[in-house]
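Model the full structure from these sequences, guided by the hints.
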Amino acid sequence: MTPPSVSSDPPVAAPVLTVSGAVHAYGGKPVLRGVDLVLHPGEIYALLGPNGAGKTTLIRAICGRIRPDEGVVLLKGLDPTRVAGARSGLGLVPQEIALYPNLTVVENVQTFAALADVPRAGLPAAVRRALELTRTADRAHVPIKHLSGGYKRRANIAAAIVHEPGLLILDEPTVGVDLDAREAVDAVIRGLRDLGVAVLMTTHDLDQAGALADRVGFLREGRLVLEGEPHALIAEAFGERMEVQVHLAHEVDAAGEGRLAAEGLERTSRSTVWTRLDADGYAAAAKLDKGLREAGLTPHEIRVREPSLANLFSLVADRKLAA
Amino acid sequence: MQPLWKIAAMVRVMALDLWRDRGALLMTFLLPPLVFLIFSSVFAGTTGDDIQLKLAVADMAHTPDSGRLAAALAASPEVRAERAPTAGEVRRRVKAGLADAGLVIRADPASAEKPFLIVADPARAVAAPLAQARVQQVLANALPDVTLRRTITQLEPALGGFTDEQIENADSAAALMRQTPTHDDGGFFEREAIKDARTGGGVIAYYAGAVMMLFALFSAMQGALGLMDEQSTGVADRLLAGTAGMGPVVSGKFLFLVGQGLVQALLIFATAQVVYGVAVVQHLALWLPTTLAASACAAGVALGLVSLCRTREQAQMLSTFVILVLAAIGGSMVPRFLMPPWLQAAGWLTPHAWTIEAYQAILWRDAGIGGVYKAWCVLTVVGLFGLVVAHTLARRLRR
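Chains as they are written, first to last, in the numbering used here: chain A, 1 to 323; chain B, 1 to 399.
Do not take every clue at face value.
As the list claims (entries may be wrong) - Across the chosen pairs, the derived CB separations fall in these ranges:
hint	chain 1	residue 1	chain 2	residue 2	range
1	A	Asp178	B	Trp5	36 to 44 Å
2	A	Thr268	B	Leu26	52 to 60 Å
3	B	Trp19	A	His247	48 to 56 Å
4	A	Glu266	B	Ala15	57 to 65 Å
5	B	Trp5	A	Glu132	22 to 30 Å
Stated by the list, open to error - Covered stretches of chain B, as calculated for chain A (at least 3 residues, CB under 8 Å):
hint	stretch
6	13-26
7	222-234
8	237-243
Please keep in mind that the hints were generated in silico from the structure rather than gathered at the bench. Glycine is no exception: its CB is placed at the ideal position from the N, C-alpha and C atoms.
What follows is the structure, given as structure tokens:
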């Protein structure tokens with residue numbers, strides 16, 4: 001008789017979300033072209049991609065708002081478009097502050113708890129828990145309209161987690177908030193992850209995604225072209241190369257642009273900031289500084305840093321990186 | 001009873017939202033009784049007996065009796081008579097709107113000719129017959145002897161003349177009438193009010209109903225616009241991603257708006273009872289279902305209409321248009337009995353007409369259920385239809 005095999009790996013929990021071969025089109029125009037995505041409890045997944053890449057459509061499909069033309073979307077094994085109960089384990093934090101501004105934080109959370117089928121007997125405890133997890137208990141009785149941006153964002157999350165969902169979807173959770181508020185929101189998201197909540201977030205804040213997400217996925221033209229752990233993806237894409245960023249004091253003319261391009265620099269979204277990847281890092285920066293000064297293009301500042309998700313995002317968006 | 005619990009949560013949201021917006025709260029519950037007082041004062045005046053016509057009077061006859069008539073008109077509380085030096089000045093004042101109508105006394109009032117000329121602006125068509133009636137009233141009350149002598153003058157050719165004795169008797173009677181007027185207009189008509197004035201006028205009951213429906217619909221539209229806010233702020237997205245959907249939101253809004261309409265009606269009719277003596281409390285058993293049906297109708301229509309719109313701007317434009325048109329046709333602005341017949345018939349397509357009719361039936365005509373059940377049914381069915389439309393369209397939001 002063979003003894004049962006014993007694995008040293010921890011058991012993998014069943015996925016909270018499974019998207020398999022999702023295809024969808026609006027008016028004949030394909031928006032999703034075979035997306036696969038699996039999310040497990042206690043995992044933060046950042047969905048990245050330019051506008052029109054299909055992020056919103058994918059989120060709508062996960063929320064049961066649309067049924068993909070092909071493929072399946074399952075929440076804990078159930079189809080959210082067919083089984084309303086499948087959505088009971090889902091919490092959505094919209095990009096806007098989806099709360100009633102004249103109501104206090106606690107009144108808003110109570111309302112959404114009632115609407116999310118939280119039993120009446122357990123409602124006070126559920127509300128208290130949501131406020132504590134989002135660190136909004138000290139503003140519980142302040143109307144939403146009187147809160148700062150950071151508190152509003154966290155109250156927005158509190159209303160989505162009061163029913164203890166297994167999957168939390170955040171749509172641009174830190175858009176328009178300052179750095180302190182963003183860090184507070186990030187801390188809340190990490191706290192939820194540590195409690196076993198699977199978090200799926202869309203964001204344009206690539207620094208936030210890089211710092212927060214366990215996995216990121218790049219969606220481009222309806223396809224998930226790149227997916228993995230942020231640091232591994234960056235290392236794989238850039239190896240030992242460093243990013244050398246040249247900040248100019250003023251915009252340059254066509255001749256100056258030609259000279260910068262000849263040095264292998266590319267203009268970023270800001271016309272005075274040019275960048276290139278170089279394995280030599282600091283040594284390359286010194287040479288570049290000398291060369292540019294000789295050409296009359298004295299840099300205001302040269303930065304050398306490890307490549308980030310922003311660099312990777314640029315490569316993916318500009319199709320310079322194969323899927 | 002989880003669905004009811006969810007609906008109650010949304011009713012609470014609406015109530016707290018209104019409570020915290022003190023400006024909106026005051027406007028929601030103070031404006032209706034205030035507007036009712038204004039409307040009822042305005043229209044009770046224009047449709048009642050106490051219209052004081054502004055009359056420009058020019059005495060071109062310059063006889064003792066014409067002078068008496070001009071003086072009597074100036075002294076009469078029925079009109080506000082102002083003397084004008086010439087007929088041209090009378091016309092100028094009427095044309096300029098300085099007087100509602102004009103009277104030119106062209107000859108002695110007792111003469112057989114047509115001694116009076118009424119000058120009126122066609123834009124104020126009602127002013128001419130009203131001025132004529134007021135002058136006749138003053139003639140009959142203050143100058144009965146002149147009326148008698150005019151009658152004798154008119155009869156004389158037909159009878160082939162009077163004897164001296166008859167003329168003497170007539171002069172004596174005229175002199176006696178001049179000393180002690182009988183205040184008899186000598187006309188064919190006597191008037192009987194169909195109801196004791198102490199119980200409040202029919203016009204008051206009319207306008208209580210008219211303003212109730214006007215504000216119920218107006219406030220319901222404002223409340224229903226919240227559906228647009230819930231879509232734009234992402235509340236709808238949040239709810240549609242869960243198990244609740246938008247159903248409890250729509251139902252909660254409906255119940256709240258019905259309650260809001262009920263409170264508004266309570267304030268309007270309490271004002272009507274206290275200020276004008278309209279017997280509301282005495283008819284409470286029928287007033288309450290009428291009010292509930294009217295409020296449900298307003299809430300349902302508002303939610304249905306707002307649900308048809310894609311943006312708040314669309315909803316605001318549509319609601320303003322619908323509120324104004326329904327109020328105008330339905331009789332919330334101008335009494336329906338002053339409208340042409342086709343417009344009165346079209347009024348039955350509005351909830352206002354049914355509401356006004358039901359309240360008048362109850363409060364003015366002392367009607368029983370038989371007189372109002374049809375209005376209850378129409379209002380309730382229309383309201384529920386609007387609610388069903390709102391629910392159906394809310395479900396389509398999921399897509």
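How the hints compare with the structure:
1. Look at Asp178 of chain A against Trp5 of chain B: about 38 Å separates their beta carbons, and that is inside 36 to 44 Å.
2. For Thr268 of chain A and Leu26 of chain B, the hinted distance range of 52 to 60 Å is satisfied, since their beta carbons lie about 55 Å from each other.
3. A beta carbon spacing of about 54 Å between Trp19 of chain B and His247 of chain A agrees with the range 48 to 56 Å that was offered as a hint.
4. In this structure the supplied range 57 to 65 Å holds for Glu266 of chain A paired with Ala15 of chain B, their Cβ-Cβ distance being about 58 Å.
5. The hinted window of 22 to 30 Å between Trp5 of chain B and Glu132 of chain A holds, with their beta carbons roughly 24 Å apart.
6. With 5 residues having a Cβ less than 8 Å from any Cβ of chain A, the stretch 13-26 of chain B passes the three-residue criterion, so the hint holds.
7. Coverage of the stretch 222-234 of chain B by chain A holds in this model, with 3 residues showing a Cβ closer than 8 Å to a Cβ of that chain against a need of three.
8. Note: the stretch 237-243 of chain B has 7 residues with beta-carbon separation from chain A under 8 Å; the three-residue rule is met and the coverage holds.
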